[in-house]
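J.: Read off the chains here:
Number of protein chains: 2
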Amino acid sequence: MDYIFSKRISGLAPSAIREILKFTSDPEVISFAAGNPAPEAFPIKEAQQLSKKIFELYPIDALQYGVTEGFAPLRNKLLEDMKQKHNIGKDFDGIIITSGAQQVMDLTTKILCNEGDIIICEEPSFIGSLNCFKSYGAKLCGVKIDSDGINLEILEQKLKEHKNARFIYTIPNFQNPSGVTMSLEKRKGLYELARKYDKIILEDNPYGDLRVSGDPVPSIKSMDEDGRVIYAGSFSKLFSPGLRVGYAIASNELLSKMTVGKQTSDVHTPVFSQMLVYEWLQSFDVDEHIAGMRNIYKKKIDLMCNEIDTHLSDFFTYIRPQGGLFLWAKLPQNVDMTEFCKTAVANKVAVVPGSAFMASEDAPTQYIRLNFSTPSDDDIVKGIQILAQVAKEYK
Amino acid sequence: MDYIFSKRISGLAPSAIREILKFTSDPEVISFAAGNPAPEAFPIKEAQQLSKKIFELYPIDALQYGVTEGFAPLRNKLLEDMKQKHNIGKDFDGIIITSGAQQVMDLTTKILCNEGDIIICEEPSFIGSLNCFKSYGAKLCGVKIDSDGINLEILEQKLKEHKNARFIYTIPNFQNPSGVTMSLEKRKGLYELARKYDKIILEDNPYGDLRVSGDPVPSIKSMDEDGRVIYAGSFSKLFSPGLRVGYAIASNELLSKMTVGKQTSDVHTPVFSQMLVYEWLQSFDVDEHIAGMRNIYKKKIDLMCNEIDTHLSDFFTYIRPQGGLFLWAKLPQNVDMTEFCKTAVANKVAVVPGSAFMASEDAPTQYIRLNFSTPSDDDIVKGIQILAQVAKEYK
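Just so you know, the sequences run in chain order A and B.
Under this note's numbering, the first residue of the first sequence is numbered 4, with each subsequent residue one higher.
Under this note's numbering, the first residue of the second sequence is numbered 4, with each subsequent residue one higher.
The following block holds chain A by itself, in its conformation from the complex:
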């Protein structure tokens, strides 16, 4: 039969990342295109020990239906930890456990946006979130990022223009893809603008723990006095992405709607995944794990940056990220960015064209995104050398 698809799904083009990732199933291709955390950072021994414990002590709980809001001990522990460590969570706030932080984007859009509503986002921004927003028929309005975070003048201008903007989406730490960390002044300014124009902020912080240099900056949620910030947290980089455990800390009024929304999406997040994260938080020194993880990521960032500085310093322009998974490199003006990406993958190195991260996919950009967390050290060295070879053809 001939199918007629909904407008919301017809508007979602297969993403440029997916097109590039197709090539990465070729084992000969070195992939700088993924966004996977470094597997050597996974707490494998702990997962072995704790999964055994869970299935021995609480098998029925792990296998039976759970509640939509999430596994209560995990919710309580997280609320406590986030308050104590990051000053996140006021009296009016609660928590919902989600199926990865991606679902926080999904539920936020579901409860706040009608078709045609505007969502203001950083430009560039995480393609998974942008596609999620589009899947609800929302229109994106991108705001340029400076080296210290979102440009507040342009943001205010857009807020004035778009009365029907429903929320502002931001990744303040080691932004995907730009790698930029928003300064404290800009975080305060962003919150004040949200107040002035009465908008909600969706603060997405999947990489916050992956800081390898510089000082931590307080979250926007920690400044929230009136329940306008939805904070999206994740265990995908800290512990494991395969478990799909994320969470939102937000006002209870927002959470009650998100719970209704989640019930119709997937009923609840797998109980075992939640129990494993809870047991891990309870039983192990998470700060020690984070310290170990930072060492791994620091070496990888340093290696990639040094290789670029040695072989591509006259071709790539970039700001060294203070953490996260990604390096955002600008190509010279005379280089056709898309063609460069195609030539690179033909030479067995996959990178993601920057256009994938634009609010409008046809907005011009000279950038490409490089991931340093997934490839081995050898592959980082070899891959950058190949990119240098490709670059030579443009000189």
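Heads up, some of the hints might be wrong.
Said to hold, decoys possible - So, partial list: chain B residues that the calculated Cβ filter (under 8 Å) puts toward chain A:
(1) M4
(2) S9
(3) K10
(4) S54
(5) K55
(6) I63
(7) L66
(8) Q105
(9) K113
(10) I114
(11) C135
(12) L246
(13) K260
(14) T267
(15) V274
No lab work stands behind these hints, which were simulated from the structure alone.
A quick note: this is a predicted structure, and the numbers were derived from the prediction, not measured.
Note that CB positions come from ideal geometry on N, CA and C, so glycine has one too.
Place chain B on chain A using the hints.
T.: Frame of chain A; chain B shown alone:
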């Protein structure tokens, strides 16, 4: 701040089930209101053994990101098994692993329905699916169920009336809540009507393995010649609901859109959950497990029906279900159904008012839904006796 919610979420009233379930956290309340599978049917030893194996042999795979379509070995195994055992899956079909079968409803609606489109469903039907449809702004059109399944005359009339109906939603086996199983003739008739009016069928089969009497009836999907049936399967009743593993078998064209939709919802279903189900299917005799499960459910159905026949035969009218989790009982005409449910819960027995399952929540109904899979044998006996006491007041 004052929140403005989307139309889609504002239209979802807190469900009657949730209101009733609030009371079931009281340990003194006997709950016939849940829909949980019997915990004694969970393969706990197997889960213990296999989770150990997975975290020992494939820890990185279990913890790293997976692909949106699902864990390839599980997909292949399921396609093979469903073809061989149930003649489900043609050359044009493929499979996607979802976060519970609930997500099949979510993705189907996401890719097919615009706001205001009609979805035709059985009336009564599963509230989780109905709320999911409503969450996309779809309008429900209910079709009465006879003792052998959906009424085809009314269905055809509705198909004529509603040109913008996007699909027909049906639970052919031990329907929730009515317990009715659709006859082979009606399944054929339903498929032919879908062909005649060029509609898609969403066939939801969460309870198919839970047959305790009568002969199995071929699925509608097994008759599908032109890719118009989306088959929703689930491991929630067969293995474990807490793992949240469901799947859709449908034409590859539909699946490619569902994959794009799932990517923006939760990226992928937790890998460990999928691996556990796969290992279980590979390593154990699933048919033997199903046989054991049927024994447990048969005892429970028999016990509840016998108790009703003894104590409530002049008050409840019902059709003995051939399987599933639910018994659908009609109250005498002079009884106020909602008030009966309230009095029951005040007397510490929770049942679900039938109104919860209507396409329009204010459609009149004299029915209530009783679950027999979750309560213990003692609670079934005690609970029915209490309901008989409550019923006396109406005589």
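J.: All hints, please: hold or fail.
T.: Outcome of the hint check:
For the restraint placing B:M4 at the interface with chain A, the shortest Cβ-Cβ distance is roughly 5 Å, inside the 8 Å limit, so the hint holds. The interface hint given for B:S9 holds, since its Cβ lies 5 Å from the closest Cβ of chain A, which is under the 8 Å cut-off. Given hint, B:K10 at the interface with chain A, holds; its Cβ is 6 Å from that chain's nearest Cβ, closer than 8 Å. Restraint check, B:S54 versus chain A: the minimum CB separation of about 5 Å is within 8 Å; hint holds.
For B:K55, the suggested interface contact is upheld, since its CB lies about 6 Å from the closest CB of chain A, less than 8 Å. Interface hint at B:I63: satisfied, since its Cβ lies 5 Å from the closest Cβ of chain A, which is below the 8 Å cut-off. For B:L66, the interface hint holds, the least distance from its beta-carbon to any beta-carbon of chain A being 4 Å, beneath 8 Å. Interface hint at B:Q105: satisfied, since its Cβ lies 5 Å from the closest Cβ of chain A, which is below the 8 Å cut-off.
Evaluation of the B:K113 hint against chain A yields a held restraint, the C-beta minimum of about 6 Å falling below 8 Å. Proximity of B:I114 to chain A holds as hinted, the smallest CB-CB distance being about 5 Å (cut-off 8 Å). With 8 Å as the threshold, the beta carbon of B:C135 comes within range of chain A, its nearest partner Cβ sitting at about 4 Å, so the hint holds. At about 6 Å, the closest approach between the beta carbon of B:L246 and any beta carbon in chain A falls short of 8 Å, and the interface hint on this residue holds.
With 8 Å as the threshold, the beta carbon of B:K260 comes within range of chain A, its nearest partner Cβ sitting at about 5 Å, so the hint holds. Here the hint on B:T267 is kept, as its CB sits about 4 Å from the closest CB of chain A, short of 8 Å. Given hint, B:V274 at the interface with chain A, holds; its Cβ is 4 Å from that chain's nearest Cβ, closer than 8 Å.
Hint violations for this structure: none, all hints satisfied.
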